[in-house]
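**Student:** Given next are the chains, with one letter for each unit.
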Amino acid sequence: MNILELKNITKKYPGVIALNDVSIDFVKGEAHALVGENGAGKSTLIKSCTGAVIPNEGKIVIEGEEFSSLTPQLSEAHGIGVIYQEFNLVGELSVAENIFLGRAIRKGLVVDKKAMAREAAKIFEQFNIDIDPNELVGNLTVGYQQLVEIAKALSQKARILIMDEPSAPLTSAEAERLYEVVEKLKASGVTIIYISHRMEEIFRLTERITVLRDGQKIDTVKTSETNMDDLVKLMVGRELKETYPERKACISDEVLLDVQNLSGNGVKDISFQIKKGEVLGFAGLIGAGRTETAELLFGAAKKTAGTIQLNGKEVSPKTPRDAIDSGIALVPEDRKGKGALMEMTIRSNTSIAILERISKCFTIDSKEERRLAEEYKQSIRIKTPTIEQKIKNLSGGNQQKVIIARWLASEPELVIFDEPTRGIDVGAKSEIYTLVNALVEDGKSVLMISSEMEEVMGMSDRIIVLCDGKISGSLDRKDFNQETIMNFASQK
Amino acid sequence: MGHLENLKGAAKAVNFAKRNGIYIVLLVLIGFFAFATENFLVSHNLMNVARQVSMLGIASVGFAFVLLLGGIDLSVGSVITLVNVVCGWLLVNQGMNPVLAVVLTVIMATLIGFANGWIIANIQMPPLIVTLAMMIIIEGIAFLISKGVPIYGFPESFAVIGQGYIGPIPVPVVIMIVILSIGAFILNKTYFGRYFYALGGNEEAAKLSGIKVKNVKYLVYSLSGFFAGIAGIVILSRTNSATSNVGEGMELEILTACVLGGISVTGGVGRISNIVAGVLILGVLSNGMVLMNVTEFTQMVIKGSVLLIAVAFDCLQHRKTA
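Line by line, the protein sequences are chains A and B.
Counting along the first sequence from 1, when you hit position 124 you're at 123 in numbering that gives the first Met the number 0, and nothing is skipped either side.
Counting along the second sequence from 1, when you hit position 321 you're at 320 in numbering that gives the first Met the number 0, and nothing is skipped either side.
Looking at chain A on its own, in the form it has when it is part of the complex (with noise of 0.2 Å):
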């Protein structure tokens, strides 16, 4: 029985045309995946299902009772329930209250948080999950705060949950508990609409995918029918000849990067080199001290003790711009939070990291500055009409290129990749890989920061891991193993 059915659904925006007359339909108890590229339109359709996006076109039919449009409140008493990549959860109340938040169980005028706590157990227990209703949710972690949010959709009776790429934030660990709670929703009748770029959650998860591009539906296929290559085919319309791009031999013997004893900002006493046309991965568990080392070298975080040379100068830079001046570039892990200047063009966010070297009497040299973004715009192919398009009307892929576009134009000679993938697709990912390889060919060096394996074994020359803010080991590519990478990054 289909629970709920898209039928033509059309959205358009000015300038470009989001979605484009797709119509899929959702079985009850499947967990049905949507796949594509960045701006391939998924954000778009799960917006119209739950009334955030009101369609041109198409009709939205629930279980039997169709829409043309919706509104969040239509959406939400209809048994549609969204666990987005941001959490609405209110840190300093009780996982129950957060549950119930807004429709508080009352005896009377009175909150009855025993009722609630009550409540919110028993959904706990249905899923066998184990967290006390009493605790605070600022004292969870990133993997227990997304349960919360899924009870909190559960006890709304929700019977079609959307979840946005849910184990991006997680742990391996905590991915696992996911899964697990995933494969019990569907055998209560919860029909889940999974979004993800990870294919083998995709491909263990799921029953069927359907798979957009460009804001059109390319199919809808069984899981089981197909297969990795396949899916990727459908989604980049392209052949990808190989994930990780090979690069020709270019570790020189000349150091550039030399840290030694490095602490402070939850670092404790790293020591490390990084050669000139390598490239160095740094691996370990969220919080382990990867991009706290990364700020230190950065000049973002202050370091209590050692010492960092570049070049076999001291630099030890206090601010970014020392950083940046002494020849170091960070691309940020959190591209919204840290990297995209969201209401500047695409001109502006490539140049703002330099604007002063391409100024005279403080204005901008403003010729240059559209030689250089225009320069990146080709070489490093940027999808856009044009440079004076504002950053925020990108996809994140796009939006990716534009803030390495801003550090290759910084001329660096160590580039910091903190997550450069994280939430981007198969083909823009490929891309980035290229210009990695493209800047150690060049002599320069990169250090990557990834929590996705195959993504940093794929990737570099030697990785170092990190646990508890210290090194707890270093491997050769020839060493490079799955397991002996986690063993490093789970020791206590």
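Keep in mind that the hints were calculated from the coordinates and are not lab data.
Please note that a few of the clues may not be correct.
Below are the DSS-like pairs computed for lysine-lysine, each with C-alpha atoms no more than 27 Å apart in a straight line [stated by the list, open to error]:
| no. | chain 1 | residue 1 | chain 2 | residue 2 |
| --- | --- | --- | --- | --- |
| 1 | A | Lys317 | B | Lys211 |
| 2 | B | Lys206 | A | Lys267 |
| 3 | A | Lys46 | A | Lys221 |
| 4 | A | Lys335 | B | Lys213 |
| 5 | A | Lys359 | B | Lys213 |
| 6 | A | Lys58 | A | Lys221 |
| 7 | A | Lys366 | A | Lys389 |
| 8 | B | Lys211 | A | Lys359 |
| 9 | A | Lys312 | A | Lys469 |
| 10 | A | Lys156 | A | Lys112 |
| 11 | A | Lys389 | B | Lys11 |
| 12 | A | Lys312 | B | Lys211 |
| 13 | A | Lys477 | A | Lys274 |
| 14 | B | Lys206 | A | Lys391 |
| 15 | A | Lys221 | A | Lys41 |
| 16 | A | Lys121 | A | Lys46 |
| 17 | A | Lys301 | B | Lys188 |
| 18 | A | Lys112 | A | Lys6 |
| 19 | B | Lys11 | A | Lys391 |
| 20 | A | Lys183 | A | Lys317 |
| 21 | A | Lys337 | B | Lys211 |
| 22 | B | Lys206 | A | Lys359 |
| 23 | A | Lys337 | B | Lys206 |
| 24 | A | Lys156 | A | Lys58 |
| 25 | A | Lys337 | B | Lys188 |
| 26 | A | Lys312 | B | Lys206 |
| 27 | B | Lys11 | A | Lys382 |
| 28 | A | Lys11 | A | Lys469 |
Model, not experiment: these values are computed from the prediction.
Assemble chain B onto chain A, guided by the hints.
**Tutor:** Same frame as chain A, but now just chain B:
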């Protein structure tokens, strides 16, 4: 391709209306008063409006910078008052050379702005509170200096700034045009002007792009003080008398002009060219209402409503794009 071109054209038209809609509002308002009153569309009245709004226009430039940064500067009205009182005191009680007196008072205004910026950047206090406290302090100081008694009797040469003409155009209007042009130049052409947008849009990203956030804040609040200082001098010269309540409430008029001109209160968005329209709308409204004999208190109601509506539009627009 043709279809795409059409869509692009439509998008451009929508953008144009969005960006310049405020001028349409201005024209409607002018049309209304032209019909509703006899004397509105007379050239000398229009020149009058321009002169009346010039102080507002001058101070708006600095205030717009602060708004772009995502901040606010409630102290500008009180800075205007203090500039009046101190400059008047230097001229009359100290018999100081007018040029020197003007330079010194504008420097003082700039330093007050710098103090705001320093506190906001280093102690990381909310700009609203810092500048509110500063406003009260400065109003008090102005009163202590003047003891509530107007200062007057300035040298004649000083009157040129506020009362003179260059050809048919009043000097204050010329000063306003120059300063608006400087403001537009800073925002469009200089790297530090670009930094205002970057910081207001995303402070963390700006910092990680190598922008020295503190320096930008010092600069912006100093400029706010500087432009308020110049506005204060123009007012002093025009009224020919320094009183200790001259700048009262001006910060809200300036805020209204900026927001009407499309400077977002949430920072990062806005252009100088539309502030001109914002300033003119307020001027036309004031002047027209006076011509129509609207009482002062009714004017307050209307001006307050304009501020509310302007901010509401701004917020609604941002919610849609968010």
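**Student:** For a quick check of understanding: which of the numbered hints are violated here, in increasing order?
**Tutor:** 16, 17, 18, 20, 28
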